[in-house]
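Participant: Sequence:
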Amino acid sequence: MSLSEDKIQINIAMIGAGYWGPNLIRNFVEMSRAKLVAVADLDINRLDAIQRRYPTIKMTTTDYRELFRLENLDAVVIATPPTTHRDIARECMLHGLHVMVEKPLTLSVEESQELVDLAKERNLKLMVGHTYEYNAAIRAIKDIIESGEIGEVYYVDSVRTNLGLFSNKINVMWDLAPHDISVLHFLFGEMPNQISATGKANIVPNIHDIVYMHMDFPSGISAHLRASWLDPQKVRQLTVVGSKKMLVFDDVASLEKIKIYDKGVETLPYTETYKEFHLSYRYGDIVIPNISFVEPLRVECEHFVDSILLDSAPQTDGINGLRVVSVLEAAQRSLDNQGKMMPIELDEKYTT
Numbered sequence: 005m006s007l008s009e010d011k012i013q014i015n016i017a018m019i020g021a022g023y024w025g026p027n028l029i030r031n032f033v034e035m036s037r038a039k040l041v042a043v044a045d046l047d048i049n050r051l052d053a054i055q056r057r058y059p060t061i062k063m064t065t066t067d068y069r070e071l072f073r074l075e076n077l078d079a080v081v082i083a084t085p086p087t088t089h090r091d092i093a094r095e096c097m098l099h100g101l102h103v104m105v106e107k108p109l110t111l112s113v114e115e116s117q118e119l120v121d122l123a124k125e126r127n128l129k130l131m132v133g134h135t136y137e138y139n140a141a142i143r144a145i146k147d148i149i150e151s152g153e154i155g156e157v158y159y160v161d162s163v164r165t166n167l168g169l170f171s172n173k174i175n176v177m178w179d180l181a182p183h184d185i186s187v188l189h190f191l192f193g194e195m196p197n198q199i200s201a202t203g204k205a206n207i208v209p210n211i212h213d214i215v216y217m218h219m220d221f222p223s224g225i226s227a228h229l230r231a232s233w234l235d236p237q238k239v240r241q242l243t244v245v246g247s248k249k250m251l252v253f254d255d256v257a258s259l260e261k262i263k264i265y266d267k268g269v270e271t272l273p274y275t276e277t278y279k280e281f282h283l284s285y286r287y288g289d290i291v292i293p294n295i296s297f298v299e300p301l302r303v304e305c306e307h308f309v310d311s312i313l314l315d316s317a318p319q320t321d322g323i324n325g326l327r328v329v330s331v332l333e334a335a336q337r338s339l340d341n342q343g344k345m346m347p348i349e350l351d352e353k354y355t356t
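Each residue of the sequence shown is one higher than the last, beginning at 5 in my numbering.
Only true hints are included.
Computed Cβ-Cβ distance ranges for the label pairs, DEER-style: (1) Pro273 with Lys238: 40 to 48 Å; (2) Glu34 with Asp351: 37 to 45 Å; (3) Thr60 with Glu194: 38 to 46 Å.
With a straight-line cut-off of 30 Å between C-alpha atoms, the simulated DSS-like cross-links for lysine-lysine are: (4) Lys62 with Lys11; (5) Lys146 with Lys249; (6) Lys248 with Lys146; (7) Lys204 with Lys344; (8) Lys267 with Lys248; (9) Lys204 with Lys238; (10) Lys248 with Lys263; (11) Lys353 with Lys124; (12) Lys173 with Lys204; (13) Lys238 with Lys267; (14) Lys39 with Lys62; (15) Lys249 with Lys263; (16) Lys344 with Lys238; (17) Lys267 with Lys249.
Derived by calculation from the structure, the hints in this document are not laboratory data. By construction, the Cβ of each residue, glycine as well, lies at the ideal position given by its N, Cα and C atoms.
From just these sequences and the hints, can you work out the full model?
Facilitator: Here it is, written out as structure tokens:
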């Protein structure tokens, strides 16, 4: 869908107003460059509540297909269960609409490739809600790593836990790990070579609520991820260990989200005094960078709107989402095969 060069506002419809939908609705309603004109959801009571709170939304419906009858609709935002992403996104693009879809893009590489190819064929924007790539702290960490301050990166450890919310459709890995996988790709600009995953379904049969993942990258970096719906604490923590310094990102912390530790270990040269293996441990200062906070979701929503108005490629476009799904699919194969290390399988045209 092409927009007139002088258009300064786009019309958006929301599909799905459940757990995450209200946050998206709030952001789009508050934006000057977007007008949220309609919301679709299966729950009529939820729709009534939304229309009472946001009277500027002119249309609500329990059938998202009714949105296709709206004149001058430019784009849709999809926040429905992941099992529905492929069908809804495909249908919207076939009706000429730009699409932003919550993570994960779909539940298979094949379905994600289909959406990426369709968006290219129809000259439409396809964007995935990898919100952490719009987080000022994560962007600061990328700058710190690229500056060389922490030295050669040895490994990354990421923990994402909470008590719930359980799903009976997808496991915790597909629910939570897309964030961590997208962050790793954003920070290091490379796909892992291989991945292994183990876990357990404690509550819902055959739906893993705790998963441990290990992945290796071409540069030599290794990453370890833990995702759990069955934990007493909400943890959103990323640790990056380098040859010079170490860094910890705590997204739950209200103020001190990044801490840089001047700590490390060095191998001392051989001497007659120390004929055996000898190490030196360094304990230096802790630096807490000052990060100006802007709600990452607001940045993400504005970026989607700007990509349409300016006809620019979204940072977390369909290919970005496809790459994350390819890692998750390989991890699922490993999970189904007792943790066997699995290669990441993705057509080369989507990796470069």
